[in-house]
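Protein chains in written order, with this note's numbering: chain A, 1 to 107; chain B, 1 to 113.
Where hints are given, some of them may not hold.
Okay, derived cross-link-like pairs now, DSSO-like style, lysine-lysine, Cα gap no bigger than 30 angstroms in a straight line [unchecked claim]:
#, chain 1, residue 1, chain 2, residue 2
1, A, K3, B, K41
2, A, K69, B, K41
3, B, K66, A, K3
4, A, K99, B, K66
5, A, K3, A, K99
Honestly, the hints are just simulated from the structure, not real lab data.
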Amino acid sequence: LAKTTQPISMDSYEGQEVNITCSHNNIATNDYITWYQQFPSQGPRFIIQGYKTKVTNEVASLFIPADRKSSTLSLPRVSLSDTAVYYCLVGDRTLVFGKGTRLSVIA
Amino acid sequence: GAVVSQHPSWVICKSGTSVKIECRSLDFQATTMFWYRQFPKQSLMLMATSNEGSKATYEQGVEKDKFLINHASLTLSTLTVTSAHPEDSSFYICSGADQETQYFGPGTRLLVL
Numbered sequence: 001l002a003k004t005t006q007p008i009s010m011d012s013y014e015g016q017e018v019n020i021t022c023s024h025n026n027i028a029t030n031d032y033i034t035w036y037q038q039f040p041s042q043g044p045r046f047i048i049q050g051y052k053t054k055v056t057n058e059v060a061s062l063f064i065p066a067d068r069k070s071s072t073l074s075l076p077r078v079s080l081s082d083t084a085v086y087y088c089l090v091g092d093r094t095l096v097f098g099k100g101t102r103l104s105v106i107a
Numbered sequence: 001g002a003v004v005s006q007h008p009s010w011v012i013c014k015s016g017t018s019v020k021i022e023c024r025s026l027d028f029q030a031t032t033m034f035w036y037r038q039f040p041k042q043s044l045m046l047m048a049t050s051n052e053g054s055k056a057t058y059e060q061g062v063e064k065d066k067f068l069i070n071h072a073s074l075t076l077s078t079l080t081v082t083s084a085h086p087e088d089s090s091f092y093i094c095s096g097a098d099q100e101t102q103y104f105g106p107g108t109r110l111l112v113l
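Chain B with its partners taken away, still in its complex shape (with noise of 0.2 angstroms):
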């Protein structure tokens, strides 16, 4: 199946600080590509989908100003958390779509101190 890689795996960082996370698609275009949260004991849930080369389109109650994505090309967006605090700590996973099907990421833990 198809490769999406996310870096880093896990990051942590002092409250007020923005932090950025990569997500790519190794072996296919991703032209869309969406980023989730999960949060401990619970399900995925869906932040926004990014299309390449556009703005990404948020989902209701994520703040676009403070989780901040970029898709600049068909194989890499990127997420910034911008003034992270310690409620953002959480797991983030991103997704590629590769025709009809989502391959997702690794997953990356952030911790805010």
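Isolated chain A, as found in the complex (with noise of 0.2 angstroms):
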């Protein structure tokens, strides 16, 4: 199973990107990058997926360079509603979940 290192913590104030990167050098062939965000005492909740290349869905962006041994969640103009702990996961199934970024948006 494929490690992550992610940072450990980030702050940002409101209204501007914020760009989490996530290192996977061991990243296997059938691995799927997915980034999840957990609010206390909830389950964490799916933001987005991909493979390679550039991912864009209604919440954020995913880039993924070609060696595929990094991963960059881009997060456009955060409100105070998205600090929170965001996970950067590879694997076909089973996903080992590491420490994650805890987010701090300030006003």
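Put the two chains together into one complex, using the hints given.
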């Protein structure tokens, strides 16, 4: 199972774009890259998933370089409600959670 | 996105009793379901993987006789914590896999007194 490395915490002001980068040097050919958001006392919420290149949905963008050894989650114009823990996971089925990135959005 | 529900959302029980937690995939069929446990200020820890109609696969250090998992249908998996003790108090989260993506339930808070 691929391991991931991401910053422990990040701070941002409201309205700014936030980019969280995740390293996954040992990603396997069949592995997808998935990002989740978790609020206290709630289950993780799916944000976005990709295999390669760029993926965009209504809440975020995911940038994946050609070697797939890293990925960057981009959150446009964050608000206070985006304060949460963000997890980057790689795998084709079973997911192993790392410590995640605690994002704090400041007014 | 796909929706997973859990019931109950929280439960308080006496030490020595058993507690059953249900996990349902509401709008998709989950061939594989997963059970996680999360302690305060920590990340999710995978407990077991269950495939519909077969025995669950438990992670190292998780007692299969204490945490009974049943995955009887493509939309329902249950986790029974048998003879619960205070150290089993935790936040239990299930997920269902829809192809390459896992969707998580809202979690069940268990407090054993």
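task = Quick one: which hint numbers does this structure break? Sort them smallest to largest.
result = none
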